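Visitor: Listed here are the chains, written in short residue letters.
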Amino acid sequence: MAKLRGKFLELVPAVVLFVAIMAIWQAAVSWGGVKPYLLPSPRSVLDAMLDTSIDWWGHIWATGLAIVGAFVLAAASGVLLGTMIAWSPVLSRALMPFLVFLNTLPKVAIAPLFLIWVGYGILPNILMGALIGFFPVVINTAVGLSQIDHDMIDLGRVFSAPKWKVFAKIRIPNAYPYILSALKVTATSAVVGAIVGEFVASQTGLGYVIVTSQSSMNTALAFAALIYISIIGLLLFAVVGLMSRYLAPWAEGTDA
Amino acid sequence: MTSEDRLDSVDNISILLDGVSMTYGTASGPVEALRDINLAVRQGEFISLVGPSGCGKSTLLRVVAGLRERSAGTVTVDGQKVMRPIPNVGMVFQAAVLLKWRTILDNVLLPAELAGLNPRNYRQRAMELLELTGLREFANKLPRELSGGMQQRAAICRGLLLDPKLLLMDEPFGALDAMTRDEMNLELLRIWGEASGARKTVLFVTHSIPEAVFLSDRVVIMSPRPGRIDTVLDIDLPRPRTVESRITPEFGALSLKIYDMLTGRQSGDAPRFVPA
Ligand SMILES: Nc1ncnc2c1ncn2[C@@H]1O[C@H](COP(=O)(O)OP(=O)(O)O)[C@@H](O)[C@H]1O
Ligand SMILES: [Mg+2]
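Protein chains in written order, with our numbering: chain A, 1 to 256; chain B, 1 to 276.
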């Protein structure tokens with residue numbers, strides 16, 4: 001109980017600052033002469049967020065799906081590639097040059113190509129997010145699988161443990177904190193990628209809302225969409241945080 | 001080989017090293033770690049290896065276990081020529097190297113899992129070992145909740161789980177404070193089977209001369225670069241050894257003798273600094 005109260009007290013400064021910023025912001029727009037198309041008042045942003053003439057759920061669903069899809073794809077392909085690299089030096093030498101090349105590309109610039117390759121819809125946005133987010137997972141997976149005490153490896157050899165068993169029992173759990181810390185970065189990249197995808201071409205999604213708000217100079221609408229995007233991003237971040245606590249409780253508090 | 005060794009019957013020999021050499025290939029050229037090592041270790045014998053850092057003690061343990069390939073000579077363990085990692089050796093290293101995500105009990109059970117045995121059948125034995133080393137209440141704790149000494153004891157339990165006949169220990173107590181270390185020495189002798197007679201064969205690397213004298217039947221003194229066996233010294237102190245063994249004149253004389261050999265000091269000279 002006391003612990004919970006302590007947590008609430010910790011939040012107080014941030015809440016106070018938030019309320020102060022909101023008040024100053026509202027005052028600046030209401031009485032300070034700041035033009036609403038430059039900076040909408042908090043009130044009008046809230047109105048836009050609750051505006052039922054806009055299909056918010058549809059946009060949130062589309063963007064949420066793209067973000068989660070991008071995240072899952074980046075995580076799965078990253079872990080798979082990282083494991084292949086750690087598994088065999090030959091695979092590592094074969095794959096690494098391509099991965100490094102791919103990573104040096106300005107990935108956002110590939111977005112229009114995805115449209116040509118896979119057409120309109122949610123898929124190009126998923127691919128964009130996954131492309132931006134997968135590389136750190138590859139690297140951290142490979143590093144986490146390899147950062148094993150040499151004595152531990154000798155211990156595995158003494159018991160003639162097959163390679164897959166050493167992976168399953170020793171290397172993979174060892175890599176969890178590394179993978180999870182990469183997934184935190186990937187959660188952010190998935191959001192960026194999905195939104196960029198929607199910017200390039202789409203008829204739905206929060207990124208699309210922002211693009212349309214630009215032509216009508218409806219800044220409040222853009223702010224409302226941004227807030228929904230960050231809520232999705234924060235939720236994803238929280239899920240990764242929960243995964244860390246569940247999968248790698250031994251690494252809590254350390255940054256693997 | 002000393003003449004005394006040759007008198008032993010072959011089945012009495014646990015480890016036989018015959019002309020063993022070992023050279024590491026490194027980026028900056030070959031490093032000769034061991035040269036022409038000859039040693040016969042009897043079943044149930046407790047042997048300590050002492051010598052300056054880098055003289056190849058760790059390498060020797062790993063060559064015996066089949067974890068490193070020798071460049072010349074033969075290694076025979078229980079009558080079998082060692083060609084690959086030999087099964088069921090108890091290995092204990094200077095660091096406990098416990099898996100941080102496993103409880104102490106699950107760490108102790110790891111060898112069973114790695115060897116493809118059903119860990120359930122070893123639970124009771126694991127708990128007995130934890131009891132023996134005073135870790136029973138810590139069975140379900142994670143390693144980070146234990147002190148360094150307790151972690152090391154857990155590592156020893158892990159090394160003993162499958163009841164290996166051969167124990168290879170590489171400075172297992174190097175990181176412990178002196179008091180804990182003395183306690184662990186007594187415990188190790190108990191586990192080894194000093195009183196019962198059903199003794200394991202132990203190769204034990206240490207930097208501590210008193211520790212080597214206290215534990216061993218024989219102490220192997222190695223000289224550096226390349227690592228060779230300088231002298232093998234019999235420790236004929238009575239067993240079972242006790243805390244009092246350490247204060248006998250024989251204990252002091254043997255310790256000083258090893259000290260002299262390691263430092264090249266002539267008996268009667270003033271003591272010099274022992275290179276670590
Ligand atoms: N993996 C390795 N690669 C190359 N050289 C090594 C390796 N391990 C040990 N050596 C070298 O072999 C020699 C003996 O090392 P080691 O067996 O660890 O000695 P000790 O355990 O007595 O300190 C040292 O000169 C060391 O630098
Ligand atoms: Mg060593």
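One or more hints might be untrue.
[To be verified] Example chain A residues on the side facing chain B (calculated, C-beta under 10 Å, incomplete):
id	residue
1	Asp151
2	Asn174
3	Gly233
4	Phe237
5	Ala238
6	Gly241
7	Ser244
8	Ala248
[What the hints assert, rightly or not] Pairs of lysine-lysine, DSS-like flavour, derived with a Cα cap of 25 Å:
id	chain 1	residue 1	chain 2	residue 2
9	A	Lys169	B	Lys81
10	A	Lys169	B	Lys100
11	B	Lys200	A	Lys165
12	B	Lys141	A	Lys165
13	B	Lys165	B	Lys200
14	B	Lys165	A	Lys184
15	A	Lys163	A	Lys107
16	B	Lys200	B	Lys141
17	A	Lys3	B	Lys81
18	B	Lys81	B	Lys165
19	B	Lys200	A	Lys163
Keep in mind the hints are simulated off the structure, nothing from the lab. These figures come from a predicted structure and were not determined experimentally. Even for Gly, the Cβ is constructed at its ideal location relative to N, Cα and C.
Visitor: Decide, hint by hint, whether the structure agrees.
Guide: Going through the hints against the structure:
Taking 10 Å as the C-beta contact cut-off toward chain B, the hint placing A:Asp151 at the interface holds, the least distance being around 4 Å. With a cut of 10 Å, the hint placing A:Asn174 at the interface with chain B holds, because the nearest CB-to-CB distance is about 8 Å. Hint status for A:Gly233 relative to chain B: violated, with the closest Cβ pair at about 29 Å, above 10 Å. With 10 Å as the threshold, the beta carbon of A:Phe237 stays out of range of chain B, its nearest partner Cβ sitting at about 23 Å, so the hint is violated.
Because the beta carbon of A:Ala238 sits about 22 Å from the nearest beta carbon in chain B, more than 10 Å, this interface hint is broken. Taking 10 Å as the C-beta contact cut-off toward chain B, the hint placing A:Gly241 at the interface is violated, the least distance being around 18 Å. At a threshold of 10 Å, the smallest CB-CB gap from A:Ser244 to chain B is about 12 Å, leaving the interface hint violated. Hint status for A:Ala248 relative to chain B: holds, with the closest Cβ pair at about 7 Å, below 10 Å.
A threshold of 25 Å between alpha carbons decides the hint, and for A:Lys169 with B:Lys81 the separation of about 30 Å lies outside it, so the pair is violated. At roughly 12 Å between alpha-carbon atoms, A:Lys169 and B:Lys100 fall within 25 Å of each other, so this suggested pair holds. For the proposed pair B:Lys200 and A:Lys165, the alpha carbon gap of about 29 Å is over 25 Å, so the pair is violated. This hinted pair checks out: B:Lys141 and A:Lys165 have alpha carbons roughly 24 Å apart, not beyond 25 Å.
Taken as a hint, the B:Lys165 and B:Lys200 pair is honoured in the structure, with Cα atoms around 5 Å apart against an allowance of 25 Å. With a C-alpha separation of about 48 Å, the suggested pair B:Lys165 and A:Lys184 falls outside the 25 Å cut-off, and the hint is violated. Taking the CA atoms of A:Lys163 and A:Lys107, the gap is about 36 Å. The hint is violated against a cut of 25 Å. Straight-line distance between C-alpha atoms of B:Lys200 and B:Lys141 comes to about 29 Å, which puts the hinted pair past the 25 Å bound.
The straight-line distance between the Cα atoms of A:Lys3 and B:Lys81 is roughly 62 Å, outside the 25 Å bound, and the hint therefore fails. For the proposed pair B:Lys81 and B:Lys165, the alpha carbon gap of about 16 Å is at most 25 Å, so the pair holds. Only pairs whose Cα atoms come within 25 Å are accepted, and B:Lys200 paired with A:Lys163 is rejected, the gap being roughly 29 Å.
The structure fails hints 3, 4, 5, 6, 7, 9, 11, 14, 15, 16, 17 and 19 (numbered hints given earlier, in ascending order).
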